[in-house]
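Peer 1: For this one, chain A is given, so just place chain B on it according to the hints.
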Amino acid sequence: MRRPEGFLDGAARALSTRLASGMTRRSFLGRMGGAMLAATGGAAVAAAVRPEKSEAFHFCGHIWTTGSCPNPLGLPRIDKSGFPLRPSDGHPIDNLGRPVNGDGWPVDGSGKRLRGPDGEFLPRAPRTRICEEWTNEHYGLDAVMEGAWYRCCSGQVRKLVDCCSYSKKRINGDASLTGYCFNGRRVFCVMYYDSGLQC
Amino acid sequence: MVETFTSAVCGSRARQRLAIALFAVAAILASAALGATLGLVGGLIGTRTALIGAAALAFLAFLRETGMVRLPVPQSRRQVPERWQYQLPLPLWSTGYGAGLGVGFLTFQPVATFWVACAAALALGRPILAAGCFAFYGAGRAFMATWPRRREPSGPAAVEKLVGRASLVPRANAVVLALAVVLLAVAPAAGAAVTSLGRGFDPAADGGTLARARMDSGTVRVLVNPPDPDPTDTFSPATSPALDGDYLAYEDDQGIKVINWRDGSPLVQLDGPYSSPALKLPLLAYIRDDGAYERLILADLSNPGNPTERKITSVRSAADLGRPALRGGRLAWHRIVRGGSSINVLNLATDEQRVIKRTHVWMESNPSVTAQRIIWVEHRPQGSYLRMRWFGSKRTKTLTHVNGRQTFLWTTAVTGRTAYVTKWTPSTRKSVVLRVNF
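Residue numbers (our numbering), protein chains in the order written: chain A, 4 to 202; chain B, 49 to 486.
To be clear, the hints were calculated from the coordinates, so they are not data collected in a lab. Bear in mind that the values here come from a model prediction, so they are computed numbers and not experimental data. Watch out, some of these pointers could steer you wrong.
[Said to hold, decoys possible] Straight-line Cα separation of at most 20 Å, SDA-like style, residue types lysine to any residue; simulated pairs: (1) Lys115/A - Ser475/B; (2) Lys115/A - Arg453/B; (3) Lys83/A - Gly387/B; (4) Lys405/B - Arg386/B; (5) Lys115/A - Gln454/B; (6) Lys478/B - Arg118/A; (7) Lys445/B - Ala419/B.
In isolation and in its complexed conformation, chain A is listed as follows (with noise of 0.2 Å):
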């Protein structure tokens, strides 16, 4: 089975030359820019589109710079609202990895509510934000999450969000860079959010 950033990268790929070969540079801007609109309404959001290549790939979207956030299952992949989402398809996740339902509790492959040893149903596991709570805690910061940037992946608009600080060094050990953060805050590490809108 392919592993979920192989997977996301591949697809990536594939857009990649698919949108070289087949659209201009303006023309695949400009649909993932209305598309953007279409979504947020808002002009603040769409000044936020830069026209940048994907290069190097860190997961879909990212160029290999600053390394993702902690998180559940390997890849930062987040709801709107920064809580983990499964990387392969985007179902909410706890803290512990497991699939949950709408209310929180850990379910199976069926929906099912898991049951422990006695029958009765397990208790939910925390489920906070993957930069909020989950790199605060591990890194003893105060990050929150600020900027965002959007790429066409997997034909879905992906929007690219900072997480942010005000500490000098980055997740990856080594200078901490301004990237879309402000305050004075720098990125500390990145985490996406796969829209689902057409690009």
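Peer 2: Just chain B now, with coordinates in the frame of chain A:
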């Protein structure tokens, strides 16, 4: 000793046999007592430290025995006092000789292996087992007092033959020490010794008695395994056992019952939405689910007909307070909410509440306590970890762990230096109780 235990020295063949028997018994008892003491001390100082020390010592002894390094060995140059056999009655001097040689360190030690064995007994951390192992040292002393003379009636001649083979000893010893280095290095005590005790979950332990729940044909029952030779007692339908001596608390369809598990006589019955009892008479802790809230209640059963209740904490029903633990004057519980989890302890004497571990990320659950320690399970995406901490220390030790998300550790129990933990595999619905000696 070969020259001492002759019929000439002892006075007759019958007295010779008596002297050898007393010598052997005294040597075995003395060495067993030494082993028990070392095991007890090892249990107090922690087996991991002692194990690393034992492995290092065995390696140094190996180098010494092979002649690669010259190292002094702690040594008493004395021999057993010869005058005893002239001044004391035979039962006394033969017993004294046995005891003196059995403890090892009072007399001359030609090799370093004895000290490695001492360190290994420390690393074992279990007095009875260490006593059993060390008894072989005393038996060896007794064996060597008689075996050289099996075909040689003359004591001095038997000793001469033995001395002629003395060059074999360092080589054989080096081989044994090399083996000891390997065994100590890979010993499970490097973390802790883990043994599966078979199917079951929700362990409860008190002294040598272990209770657990088990699912049989869709029915949950509680089994109590007292020390042999008593049979196993079973209570059904019942789950979530808690033990205090002869008393067992468990949860059933009606609520919570407290009974004398030896004769089945009831002590207290609490009917209602009560679950997860923890018992240390006259106190009983349990969870009361009011629908909107889960509350941790501490009841005083001094007057079983009219128990008094005290609410310790509460959470909304979507959160979890789990299975509390009550022992050594402390009440422990976990608190798992959407935003994090914590392990909490209430000192019942001072009413002081402490948070042992709090996290916004992992799931800390299912604590158990003794007067000195607390154990609990920490769940992470990579696996689950059985953690232990001394009250008075901030250092956390991992007793055992399982990797991955397919199988995880669950409810715990602890008594003395033995922990129990449920290992649960949801996909196969298989749960076993593990014993972890630390």
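Peer 1: Hint by hint, say whether it matches the structure.
Peer 2: Status of the hints after comparison with the structure:
For the hint linking Lys115/A to Ser475/B, the alpha-carbon distance of about 13 Å falls within 20 Å, and the restraint holds. Restraint check for Lys115/A and Arg453/B: satisfied, since their Cα atoms lie roughly 17 Å apart, inside the 20 Å limit. Only pairs whose Cα atoms come within 20 Å are accepted, and Lys83/A paired with Gly387/B is accepted, the gap being roughly 17 Å. Between the alpha carbons of Lys405/B and Arg386/B the distance comes to roughly 16 Å, so the proposed pair stays at or under 20 Å and holds.
For the hint pairing Lys115/A with Gln454/B, the CA-to-CA distance comes to about 16 Å; that is within 20 Å, so the pair holds. For the proposed pair Lys478/B and Arg118/A, the alpha carbon gap of about 12 Å is at most 20 Å, so the pair holds. A distance of roughly 17 Å separates the Cα atoms of Lys445/B and Ala419/B; the hinted pair therefore holds under the 20 Å criterion.
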